[in-house]
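Just need the whole structure built from these sequences, with the hints factored in.
Residue numbering for the sequence shown follows UniProt numbering, starting at 1 and increasing by one per position.
Think of the hints as simulated: they come from the structure by calculation, not from any bench.
Everything numeric in this text was worked out from a predicted model, so none of it was measured.
Just so you know, not all the hints are guaranteed correct.
[Stated by the list, open to error] Dumping the calculated DSS-like pairs for lysine-lysine here, alpha-carbon to alpha-carbon at most 27 Å:
#	residue 1	residue 2
1	Lys57	Lys2
2	Lys57	Lys130
3	Lys163	Lys2
4	Lys2	Lys130
5	Lys52	Lys163
6	Lys95	Lys52
7	Lys95	Lys130
[Unchecked claim] Label-pair distances were calculated between CB atoms; the ranges are:
#	residue 1	residue 2	range
8	Pro61	Ala161	33 to 39 Å
9	Asp20	Phe132	33 to 39 Å
10	Arg23	His138	29 to 35 Å
11	Lys95	Ser40	17 to 23 Å
12	Asp20	Glu97	38 to 44 Å
13	Ala94	Lys163	43 to 49 Å
14	Asn58	Ala141	19 to 25 Å
Think of the CB as a built atom: it goes at the ideal place given N, C-alpha and C, for glycine as much as any other residue.
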Amino acid sequence: MKYLQDHPPEVLARVQAMLDEGRLMPWLLQRHPETHTVRSDRALQAYVAELKARHMKNAPPLAQVRYDNHLHVVHQALGTHTAVSRVQGGRLQAKREIRIASVFQDAPANFLRMIVVHELAHLREREHDKAFYALCQHMEAEYHQLEFETRLWLTAQEAAARKR
1 MKYLQDHPPE
11 VLARVQAMLD
21 EGRLMPWLLQ
31 RHPETHTVRS
41 DRALQAYVAE
51 LKARHMKNAP
61 PLAQVRYDNH
71 LHVVHQALGT
81 HTAVSRVQGG
91 RLQAKREIRI
101 ASVFQDAPAN
111 FLRMIVVHEL
121 AHLREREHDK
131 AFYALCQHME
141 AEYHQLEFET
151 RLWLTAQEAA
161 ARKR
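What follows is the structure, given as structure tokens:
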């Protein structure tokens, strides 16, 4: 259970029991039945822009937002944010991008929102520190619970793929 490595053994044991009994995915889908319609890169760009406008009006603009088939969830990259700086004339221009792993095209709506909130928070806070998580919670009050349940969902997805 690579997505849950830092959790206590008793939590891992409960998750493993739910996996073995086939109860984990049904439990998650019962808790998060709402799907989203953010399937295309254009829809994702609009979705991120709406969240950014609501919570981070003064954050720098984003040049691009898209789903990325090349992000490997295996390496703990559920989404990425990049800032490329270039000199144009006498000024330094920063181009910022957010990429979300394409596995979230089919994820429950809450899990996509959690990933987008996480990547938007990186526009202001680079490190995963107290200020970063405070900003995440400002944008999504249930951030920590959603992050944990997203990790459960990824674990269940991986277990189902192994069974096929």
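Each hint tested on the structure:
| no. | hint | verdict |
| --- | --- | --- |
| 1 | Lys57 x Lys2 | violated (36 Å) |
| 2 | Lys57 x Lys130 | holds (21 Å) |
| 3 | Lys163 x Lys2 | holds (17 Å) |
| 4 | Lys2 x Lys130 | holds (24 Å) |
| 5 | Lys52 x Lys163 | violated (39 Å) |
| 6 | Lys95 x Lys52 | holds (16 Å) |
| 7 | Lys95 x Lys130 | holds (26 Å) |
| 8 | Pro61 x Ala161: 33 to 39 Å | holds (37 Å) |
| 9 | Asp20 x Phe132: 33 to 39 Å | holds (35 Å) |
| 10 | Arg23 x His138: 29 to 35 Å | holds (33 Å) |
| 11 | Lys95 x Ser40: 17 to 23 Å | holds (21 Å) |
| 12 | Asp20 x Glu97: 38 to 44 Å | holds (40 Å) |
| 13 | Ala94 x Lys163: 43 to 49 Å | holds (45 Å) |
| 14 | Asn58 x Ala141: 19 to 25 Å | holds (21 Å) |
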